[in-house]
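Please model the entire structure based on the sequences and the hints provided.
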Amino acid sequence: MLDEILNPYYLQVAGFIMINIILAISIYITLSSGQLSLGSAGFMGIGAYTSALLTIHFELPIIVGILAGAVVAGIIGILIGIPALRLQGVYLAIATLGFGEVVRIIFVNWESVTRGSIGLSGIPHMGRELLRFFKDIGFDPEMMGLKNNQFVYLLVLLILVLINIVLIWFFIRQNKSRIGRAFAAIKMDETAAEAMGLNITYYKVLSFAQGAVLAGFAGALYAHVLAYISPADFAYHRAIEILIFSVFGGSEVIWGAVFGATFLTLLPEALRFISEYRYMIYGAILVLMMAFRPQGIIDASVLNWFKKKSKSKRGTNHGTRTNKNN
Amino acid sequence: MVLELTKITKNFGGISALTDVSFKIEQGQIFGLIGPNGAGKTTMFNIITNMFLPTSGEISFVGEKISGVKPHQITDKGICRTFQNIRLFSQMTVLENVLVGGHCRSKSGVLHSVLRTKKQRNEENVMHAKSLELLELVGLFEYQDVIAENLSYGQQRRLEIARALASDPKLLLLDEPAAGMNESETDDLFDLIKKVQKRGVTVLLIEHDMPFVMKLCDRIAVLNFGKKLAEGTPEEIQNNPAVIEAYLGSEEDDQIA
Numbered sequence: 001m002l003d004e005i006l007n008p009y010y011l012q013v014a015g016f017i018m019i020n021i022i023l024a025i026s027i028y029i030t031l032s033s034g035q036l037s038l039g040s041a042g043f044m045g046i047g048a049y050t051s052a053l054l055t056i057h058f059e060l061p062i063i064v065g066i067l068a069g070a071v072v073a074g075i076i077g078i079l080i081g082i083p084a085l086r087l088q089g090v091y092l093a094i095a096t097l098g099f100g101e102v103v104r105i106i107f108v109n110w111e112s113v114t115r116g117s118i119g120l121s122g123i124p125h126m127g128r129e130l131l132r133f134f135k136d137i138g139f140d141p142e143m144m145g146l147k148n149n150q151f152v153y154l155l156v157l158l159i160l161v162l163i164n165i166v167l168i169w170f171f172i173r174q175n176k177s178r179i180g181r182a183f184a185a186i187k188m189d190e191t192a193a194e195a196m197g198l199n200i201t202y203y204k205v206l207s208f209a210q211g212a213v214l215a216g217f218a219g220a221l222y223a224h225v226l227a228y229i230s231p232a233d234f235a236y237h238r239a240i241e242i243l244i245f246s247v248f249g250g251s252e253v254i255w256g257a258v259f260g261a262t263f264l265t266l267l268p269e270a271l272r273f274i275s276e277y278r279y280m281i282y283g284a285i286l287v288l289m290m291a292f293r294p295q296g297i298i299d300a301s302v303l304n305w306f307k308k309k310s311k312s313k314r315g316t317n318h319g320t321r322t323n324k325n326n
Numbered sequence: 001m002v003l004e005l006t007k008i009t010k011n012f013g014g015i016s017a018l019t020d021v022s023f024k025i026e027q028g029q030i031f032g033l034i035g036p037n038g039a040g041k042t043t044m045f046n047i048i049t050n051m052f053l054p055t056s057g058e059i060s061f062v063g064e065k066i067s068g069v070k071p072h073q074i075t076d077k078g079i080c081r082t083f084q085n086i087r088l089f090s091q092m093t094v095l096e097n098v099l100v101g102g103h104c105r106s107k108s109g110v111l112h113s114v115l116r117t118k119k120q121r122n123e124e125n126v127m128h129a130k131s132l133e134l135l136e137l138v139g140l141f142e143y144q145d146v147i148a149e150n151l152s153y154g155q156q157r158r159l160e161i162a163r164a165l166a167s168d169p170k171l172l173l174l175d176e177p178a179a180g181m182n183e184s185e186t187d188d189l190f191d192l193i194k195k196v197q198k199r200g201v202t203v204l205l206i207e208h209d210m211p212f213v214m215k216l217c218d219r220i221a222v223l224n225f226g227k228k229l230a231e232g233t234p235e236e237i238q239n240n241p242a243v244i245e246a247y248l249g250s251e252e253d254d255q256i257a
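As given, the protein sequences belong to chains A and B, one line each in that order.
Numbering-wise (the numbering used here), the first sequence opens with residue 1 and increments by one.
Numbering-wise (the numbering used here), the second sequence opens with residue 1 and increments by one.
Because the hints were derived from the structure by calculation, they are not lab data.
Backbone N, C-alpha and C fix where the C-beta goes; we use that ideal spot for every residue, glycine too.
Don't take each hint at face value.
[Claimed, not checked] Derived, one-sided and incomplete: chain B residues facing chain A with beta-carbon distance under 7 Å:
1. Pro71
2. His72
3. Thr75
4. Asp76
5. Lys77
6. Ile86
7. Arg87
8. Phe89
9. Gln91
10. Leu99
11. Val100
12. His103
13. Cys104
14. Ser106
15. Ser113
16. Ser167
Take a look at the structure:
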């Protein structure tokens, strides 16, 4: 039974869900200040290549590589953001899509460093490095009755889940503060927001850079989970896919991004038994969705409904405790 | 002297929206800016808040030159405005709208906000209390959790005033606050602006409702085709033949006020 659940294939799909959630949050956070950026695949690639090259050539620890990947993506995000954020709506979308393609073409053509379209292999694998570490300190997965590869994938998944919990916590808190209100105000009416004393440029660059850092971070994790990357992983269809996660799930709330990434990563896997039709069904669901629920599956009213339900449950359990949300 | 405008000129291409307009507003005054449609009143507001740069001329606010300062810094210095065509954050609640207005009077950055440090929590509590007090002032306390776009027109106008007051302005600019209001709403607005004045805020307003302006303002300037036609107390304005001719119509001074 446990062996069934701890199937490495399931664990790996779950790991990809976690990485995709981070990517979806990166889009959510830029959208929350009213900016449609399609550069996430580019930033993801920057994070992935930075971390991969640093760990391969300089033998830095994986964690240093991943953090460096996120930081480099963030810095490039700021540099791109300052001029690009003068653009609005579709113009920004096209400019950032162009940026993503430029990044990909650099990866293809800078062969001496990136090995071109063949891609980078032999990237240190997060799970295997950890396994080696555990074996060094005298812990063997056999002691828990796990096979080596089960242990590896389980450990990686656990780390990714923890990262996601921290990220979601971070952005929920940010969203409930004056920073989140500033993002929302800029999204709703830029002129009014500026007249109320908000430094529009600062907040726009902030949310754009946060999105870039997250995408770079997710890209670096991706590199060390897969141990192989190539420029094709970061092409424009990836950018569109990430956007769809957030838009499908609901781009107004962070849970929309979480739901969208989870559901849309699982769907093609769940539909595997009708192999050639699965992407058709995937597409049909998206079309229906845009027709009947353009704001995405999860929005504020859905969340309120859940809150009310859980509150009324709590009410029956604990008598008349009033719960004040702030 | 709160605001001093010296020879403000603004040209849009070949059209001059304002020509050599000067006036001064004293601390604590309610100052009215009136004139027919297209006289340049809203352009003047946009210049004072630096949304437009004047072609020439100088603005000084509490003795400091403010030409060329960014719009959000103007708010920081103590000038805040409302809009002629209501620009609330329509999907936010009433309370959130006012909280955004207090943005430039708070400082917590990303780290403080995420870690909810003591400083940040104190700041949020102070902002909440102040926002609620302002909602009380404009009579929207009971509506604090309502989404702004669901308010009535008159309520939305009052919410805009509360939002602007949240930035602790020394000078409040109101762009046609009584537009589209019925008589009782206009009376409430009159009381509200008087209360705002009592808080020590200087008010500059654009308005077309003449009885309202004449009753409310301490001093009035009249613009016509981008030029200042007259300036004075409401009585002086009502009796100024040039104003009557250009603005109120020459045939009959139909018992104003």
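Inset, instruction - Taking the numbered hints from earlier one at a time, note which ones the structure violates and give those numbers from smallest to largest. - result: 5 and 6
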